[in-house]
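Student: These protein sequence lines are chains A and B, in that order. For the first sequence, position 296 (counting from the first letter as 1) is numbered 296 according to my numbering, and the numbering increases by one without interruption. Remember, my numbering sits 435 above the position in the second sequence when you count from 1.
No wet-lab data here; the hints were simulated from the structure. Remember, predicted model here, so these are calculated numbers, not experimental data. Please note: incorrect hints may appear among the correct ones.
Reference listing, derived: stretches of chain A covered by chain B, where coverage requires no fewer than 3 residues with Cβ under 8 Å from a Cβ of chain B [unchecked claim]:
(1) 131–139
(2) 235–246
Only part of the chain B face toward chain A is listed, based on derived beta-carbon distances under 10 Å [to be verified]:
(3) F635
(4) S642
(5) I814
Beta carbons: idealized from backbone N, C-alpha and C, even for Gly.
So you can see what is in the structure, the chains are spelled out below.
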Amino acid sequence: MYKIILYTIKCLKQTGRNVERMSIIFLIPVLFIVGIAFLYGEKSSFVIIGDTGDNYKIGIINQDQDPDLNSTLRSQFYDHMAETGLLGDPLEEGFGTCFIKNINQSRILLSENDKRSFSVISYADLDDAGKAVQSRFISLSIIIPINFSQTLIAGLNHRIMATNGKLLLNATEYVYSETVIELIGDYSYARFAEATTLLEEMLNSFLDHFWVIGLDLPGKFSVDYEMITTLAFTEFDIYIPAFLIFVLITSSTGVAGIVGYEQEQSTIDRLKLSDFPSSYFLFGLTFTQIISTLLTMTCVIITIYFLGFPFQRVDQALLVILVSILAVLPLLGISLGIAAFLGGKMATYLPGLIAIPLSFLTGGFIPLPRTNLIGDIQLWHLNPFYSTGEVYRKILILNLEANQISLDLILLLLIGMGFFILGALVFIKGVYGKI
Amino acid sequence: MSLKQILGVAQRMGLQLFRSKWTIPYLILYPLFFIGLYWIGFSTSPVGESQTFLVGVINQDLGLSDEIKSLFHNETIMGNSSFTLYHSSDVLDKGFGIEFIDILANLTYSNITNAPHIFEVTQFEEESDATDKLFKRDLDILIVLSPNFSNTTLSILNRYWHNTFRFYLHEMIQLDFPTFPDLPTNINDSIRIIGDESYFNFKMAKSVLSIVIHEYQDLTTTFKGPGGSISIRMNKDYEVSIPKYSLFELSIPGLIAFGIIVQPSLISMFFCMEFRSNNTTFDRIRLAPSSGGVYIIGSILVQIPIMIGQTIILFLTSLMLGFNPQGDILIGFLIALTIFPFCLFLVYISTAFLSNEDVVGNVLGFGAPFIAFMSGAFIEIPKVILIPGIFPTSSGYPRDFLLWDFLPLTHTANALRQVLLYDFDFHLVLFDIFMSLFLSIIFLIFSLIIFSYLRFKRRG
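The following block holds chain A by itself, in its conformation from the complex (with noise of 0.2 Å):
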C-alpha cells in the first residue's frame, strides 16, 4: 500500500510541476464551461439545424384576390366597421395583403407579452417556397387562397347582418363559406410547429376584428403545461450532463499523459526491473485519476453554479462529483487500452478526439433512439458514459433520489469495471508484461 501510496504521490507531484499540465486540470474545462454558457445561456431553440431566435421567418405565396367592391358598397362596410387598429385597408387593397401587412408588424396581432415577431418573404412559386422550407432558412410558407378576401367579405357580410339585422351583400353569393390557407412546413421541426400556432393565434386575431367583434367570444379548452422538472432550465442548463460527460472525457488525457510519458522516459521498464507490480502502477494510476477527477469536476460543479445552474440541493453537487469518479474506471480502461495498441502519445490524444461523438451518445444533446435489450436496460448502457450521462441528467436536471438512479449506477459501475479490467489486461500484457 505504502509503494501504492508513493507512486501516486509521484505522479501527482509529475502533474502539479508542469504549469501547462495543471492549466488543463482546472483552468480549461472551466472556461470550457463559461464559454459554453456564453453560447448556450439564452433560453432554448432546441434546433438541430435550421433558424433560430425569437424573429421567425415565413414565407408567403398569395393568391388572394381583391376584393371587388365599388365605392358605395365599401362606403357601406365602413359604416358597420369599427375601428379595428389594423394595418391596412382590406376593403381596397385586399383581406391577404391586408393580414401579410400585419404578420409583418406582428406585435398588432400577437399578444403584448409575447416577445416574437414574424419577418415575411413572398415567393411567387411553391417549389421556391417549399425549397427555403426545407433548407430551414424560414420555418414555414403559407399559401393564401385564392378567395380569401371573398370568404372574409362573406363573413363580414354576416355579422353585419347578425348584429344590424341587415345585409350589405347579396346573400346568396356572400353566404357562409369555409377556405383554407395551406401550410408548407416540416412537422418535425420544432420551429415550423412552433411558428404554426403563432400563426394561427394570429389569423384568429385578425379575423377577430372582422367576425366577432360585437360577440360572445366562444369558451375554449385551455391547455397546461407541467414539468416533471421542477425548474426552468436555459438550453445550457439542460446540456450540462453532456458537457460534464465531455469534460470528464476530454480533461481524463491529462493523467493518460503519465502512462505516454512513462513509456517514453521508460519508467515502466525501470518499474518493471524492480519490486513494482504492475496492480501497484495500476493502482497508483487510478488514484491519481481519481485526485484529479474530483478536482476537475469539483472546480467544473462550482463554475457551473456561479453561472447560474439552478441547484436544487447541495447533495446534487456531491452526488455528480462522486459518479465521476465511477466514470474514472472505463476512462482509465480505454487509455489503457489505447496505450497498449498504439502507443501512450495516443493514450493521451484519442479519447480526447473522440470526447464528442461519445458526449453525443449519452443522448445529451440529441435523444438516442430507444433499444431496449432487457427491461429497462438499453443498448446504450453498454457505453459506460451513457450510464454516466443518465445519472448526470437525473440528479441534476430531474432531481431524483438516490435510489432512482440506482440502475444506472449499477451499469455504470459493471460497464465501467468491465472496460478497466479489459484494459489494464491488454496493457500489463502489451507493455508492463514484456522486459
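Following the hints, position chain B against chain A.
Tutor: Quick look at chain B alone, frame taken from chain A:
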C-alpha cells in the same frame, strides 16, 4: 529563402511524421472512430416527418350524461342532423375523450399509404406510472383529459352555434321540442400536458400536439365564425420534409467540418517535439542563413497532403456508412478545402504559445469542439445579431450578420449543408464559400505573425 531549402524542410518533417508509429493509425482511425461512433448512435434516428412520438394518455373523461346521450340518439328530435357528420359514430356513447385519443392514434404525416403515424399512444390508469415512464424517456409526452372533457366539448360546440346563428343549439331544438334541456354553454376546462422540459422529443411532441388540440377544437365547433371559416391546414401535396436523411446523415456536414479542424492536433504535437529542450531545430534555424519563413512554408507544404488525405477519409467514411447526399460530393469536398488555412491557424497559434504536446493536444481537444459548437456545426446556437439582414441568401431573405460569422467554420458548415443536403447551386453558396476562405486566410496570417515572432525572433 530558396525552394530547395523549403523542400528540404518539408521532406525532413514529412519523413519524421510518417516514420512515427502513430501517424498512420491516427490518420485512418480517427475519422473511422469519429464518424463511426456517430453512425452507431444516430444512423437509425428518424428525422423529419418519419418520427413517431410516444404519447401517454390518461383519459379521465366521464363522457356525456345518459340524458343528453338519449336525446341526441332520438331521431325524431335530431332529424337529419347527426354528430357523425363531423365526429365518429360512437362519440355519443364513448365520449369525446375516446374520440380524441383515436384521432391522436390514427394521425399520419400525410395521406400517402403507410405514411408514418405522428403519435404512438399508450393509455395509463395511474399518473405515477406514466410519470415514471417520462423519467426514463420511455414516453415523450403525457396528456391528461379531464372528467369534464366531453361536456366542455359540447359547450364549445353550443357556444359557436350561438355565435354563428344567434341561437344556442338547444334553443333551436327547443323551438320544436320545448322540453329539450339546456346544453352547457360556458364550461371552460383544461387539457394537462406533462413532460420533461429538457427533453428534445417533448418539445417537438408538445408543438405538434398543440396544433392537434387546436384543430380538434375546430372539428368540434364545426363553425369558425359567424359567416364562414378560414382555417390553417397542411398542404398534403407538397413534400418538404427531409425523411430521406437519418439524423446521422443530417449531421454529416457539421461533423466533416469539425473533423477537419480537429486534425491539426497531430501536427501540433509534432511541432512541440521540435520545441523541446533536447531538440535544437529552432536554434539551428535561427543561426542558419535560412529564415523562419523557410520552416513555415516547408511545414505548410507537408501539412497540405495530410489534411487533404484525412478530409478524403472523412468523406469516404461518411459515404461508406450510408451518407447519401443530394448534392455534388466533389463540390462539397472543394468547400471543405476552404477551411484548411484555419486548420493551419490552429496549429501555429497553439504552438506559438505552448511547448508541451500533451497540453497542446488538450487545448485543441477543448478548443476545437468549442469552435465547432460556436459555429453551429453540431447544434444551432442562439443568435447574437450584430447587423440585421445584410447578407444575401438562396432563400431570397437577407441573412443577419451574427457574432459567429467571424468564424470561418460557420460558413464552411453552412455551405456544406446547403450543397450536400439540399443540392443548392454553387453560386447560391458562393458567399459562404468566400467567407470561409477569406476568414481562414486572415486567421492564418495572424497566427503566422505571432508564431514567427515568438518562435524565431524573440531571442534576436
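Student: It remains to establish, for every hint, whether it holds in the given structure.
Tutor: Quick rundown of the hints versus the structure:
1. Judged by the Cβ-Cβ criterion of 8 Å, the segment 131–139 of chain A is covered by chain B as claimed, because 7 of its residues qualify and three suffice.
2. Taking a C-beta to C-beta cut-off of 8 Å, the segment 235–246 of chain A contributes 4 residues in contact with chain B, enough for the three needed, and the coverage statement holds.
3. Satisfaction of the interface hint for F635/B is found here, the shortest Cβ-Cβ separation to chain A being roughly 5 Å, below the 10 Å cut-off.
4. The interface hint given for S642/B holds, since its Cβ lies 3 Å from the closest Cβ of chain A, which is under the 10 Å cut-off.
5. Interface hint status for I814/B: upheld, as the beta-carbon distance to the closest one in chain A is roughly 6 Å, under 10 Å.
In this structure, every one of the numbered hints holds.
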